[in-house]
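Participant: Below are the chains, spelled out letter by letter.
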Amino acid sequence: MTSLSDFTPNEMMTIAAARALSNDDVCFVGIGAPSAACNVARLTHAPDITLIYESGTIGTAPNVLPLSIGDGELCETAVTTVSVPEMFRYWLQGGRISIGFLGAAQLDRFGNINTTVIGDYHKPKVRLPGGGGAPEIASSCKEVFITMKQATRGMVDKIDFYTSFGHGDGGNHRERLGITTKGPTLLITDLAIWKPDPETKEFTVVSMHRGVTRDMVQETCGWTVRFSERLEETPPPTDLELTTLRELQARTEKAHGGKKGT
Amino acid sequence: MAKFQSLKEAVAENLREGDTVAFEGFTHLIPHAAAHEVIRQGIRDLTVIRMTPDIVYDQMIGMGLVKKVIFSYAGNPGVGLLRRMRDAIENAWPRAIETVEHSHAAMANAYEAGAAGLPCAVFRGYRGAGLKEVNPAIKSIVCPFTGEELAAVPAHRPDVAVIHAQKASRRGDVLVEGIIGVQKEAVLAAKRSVVTVEEIVEDFDDLHPNLCVLPHWTVTSIAQVPGGAHPSYTHGYYDRDNAAYLEWDKISADRDLFTAWMKENVLDQGPEVFAQRVKGLQA
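Chains as they are written, first to last, in the UniProt record's numbering: chain G, 1 to 262; chain E, 1 to 283.
Just so you know, these hints were derived from the structure itself, not from any lab. Positions of the beta carbon are idealized from the N, C-alpha and C atoms, including for glycine. Incorrect hints may appear among the rest.
What the hints assert, rightly or not - Among the chain G residues that face chain E by a calculated CB cut under 7 Å, a handful are: (1) 55; (2) 59; (3) 67; (4) 75; (5) 83; (6) 85; (7) 93; (8) 130; (9) 133; (10) 136; (11) 162; (12) 168; (13) 171; (14) 177.
Let the hints inform the model, and build the full structure from the sequences given.
Facilitator: Below you can see the structure in the form of structure tokens.
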């Protein structure tokens with residue numbers, strides 16, 4: 001049990017994501033919650049995890065969270081820094097990255113992600129930043145973890161655009177397209193941990209965070225939620241996890257003049 | 001053979017109306033001073049290429065200089081969306097722009113193919129992704145040896161590449177270090193190049209042999225502009241001005257505020273103001 005019992009749903013999400021990473025992982029890190037999670041893992045149970053940012057920094061160990069994927073500290077603390085073409089050709093396409101960590105503006109039950117447009121592509125209601133590295137992260141990393149805050153606007157029955165492919169329509173859709181990697185194997189939200197059903201590949205809630213009810217999960221999700229028969233409660237953050245995350249964020253806030261890197 | 005010029009001369013000689021231009025820099029070394037000079041000279045109808053069109057493209061699009069953007073991620077890094085670019089796409093203000101959208105992998109490969117003199121780039125990409133349905137420049141090719149279907153995109157061959165770097169030697173060799181992005185590929189893929197640098201040194205004799213150097217005969221024009229990457233950063237010289245990126249979110253949110261800011265900070269200024277802007281950000 002933790003004595004720092006007033007953790008936020010966001011902190012729980014980041015810490016649950018950090019726990020999913022291991023010392024042997026080579027992780028392609030995105031900015032925001034994935035970056036916080038990967039660095040908490042590095043600062044707690046996975047000190048030798050290899051973190052790679054798409055700007056070309058390999059094996060980086062930043063003391064504060066970067067504001068962008070190309071902050072100077074990522075390069076200064078990296079084992080090596082390579083060009084962007086090399087990063088995408090040798091390291092990502094070459095199959096050397098075990099975990100790709102993605103966020104989503106829209107996500108469906110099969111782990112397909114949209115960060116491109118809301119509405120029609122040619123006449124968008126909202127033009128979002130686009131895919132960046134995500135389309136190939138989704139197909140080239142050995143597996144993909146997704147983090148997002150639950151909201152019916154984001155977790156939708158049908159996404160408006162397939163920025164990156166998860167499990168498509170489910171089942172063996174990836175295999176049928178000739179994709180040999182596993183795709184999304186884990187979804188971590190501020191309320192729950194989800195894993196794809198082994199057959200249908202539909203995300204199923206396997207663990208709910210402390211204090212979360214099934215109704216809370218369903219009310220913030222745009223599809224009919226499936227719950228595992230062996231539903232667990234996510235262990236709350238330990239003192240070490242929470243302190244590590246909060247100190248990292250405090251250092252980040254100080255370094256970025258009041259702006260958090262998450 | 002690299003020519004040392006003022007930024008004004010370098011831009012005037014190398015960029016023409018209707019050109020295809022790549023201003024590259026991956027968060028680091030973004031050529032802001034050079035982009036501002038293009039805006040001052042009002043060079044229009046540009047097709048601009050960039051993996052991450054951030055503030056400089058937001059500014060050029062907002063000033064109506066751009067007709068087409070070829071890109072893979074349009075955001076203000078670490079902050080949010082590009083509001084001027086969105087206004088052009090969603091509301092055609094100040095003019096409609098055409099967009100050609102790729103993934104980062106496609107863009108990096110396309111520059112590399114351009115540098116290698118190849119017509120297209122081949123890579124394992126876009127599997128299951130929606131972009132190939134909306135971008136006719138994404139095609140596929142079958143490997144003649146294995147039968148594997150691969151993605152193919154046309155090589156980037158810009159008329160001009162514009163980059164910022166740490167140093168030039170008196171001979172005109174250019175040193176880029178830190179996060180080196182796709183700048184080398186962009187310069188080698190382009191017909192002409194304009195490079196702004198922090199400083200000019202006698203020679204590179206004391207440098208490590210594996211550093212990223214563009215030899216003088218691959219570069220068209222060099223202009224010394226200390227601070228020329230601000231609010232981006234130059235590794236070893238000054239840090240990223242995060243506050244300026246946050247401020248841009250507010251400035252760019254409003255058309256009138258944007259127009260007034262551009263007049264005061266770009267149109268009525270010269271490249272010499274950049275040295276002042278990085279004081280206090282020294283690395």
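Participant: A separate judgement is required for each hint: does it hold in the structure or not?
Facilitator: A quick look at each hint next to the structure:
1. 55: Check passed: Cβ of residue 55/G comes within 5 Å of chain E, closer than 7 Å.
2. 59: violated (14 Å)
3. 67: holds (3 Å)
4. 75: holds (5 Å)
5. 83: Holds - the Cβ of residue 83/G comes within 7 Å of chain E, reaching about 5 Å at its closest.
6. 85: holds (4 Å)
7. 93: Constraint on residue 93/G satisfied, holds at 5 Å.
8. 130: holds (5 Å)
9. 133: holds (4 Å)
10. 136: holds (4 Å)
11. 162: holds (4 Å)
12. 168: Interface hint status for residue 168/G: holds (6 Å vs cutoff 7 Å).
13. 171: violated (14 Å)
14. 177: holds (5 Å)
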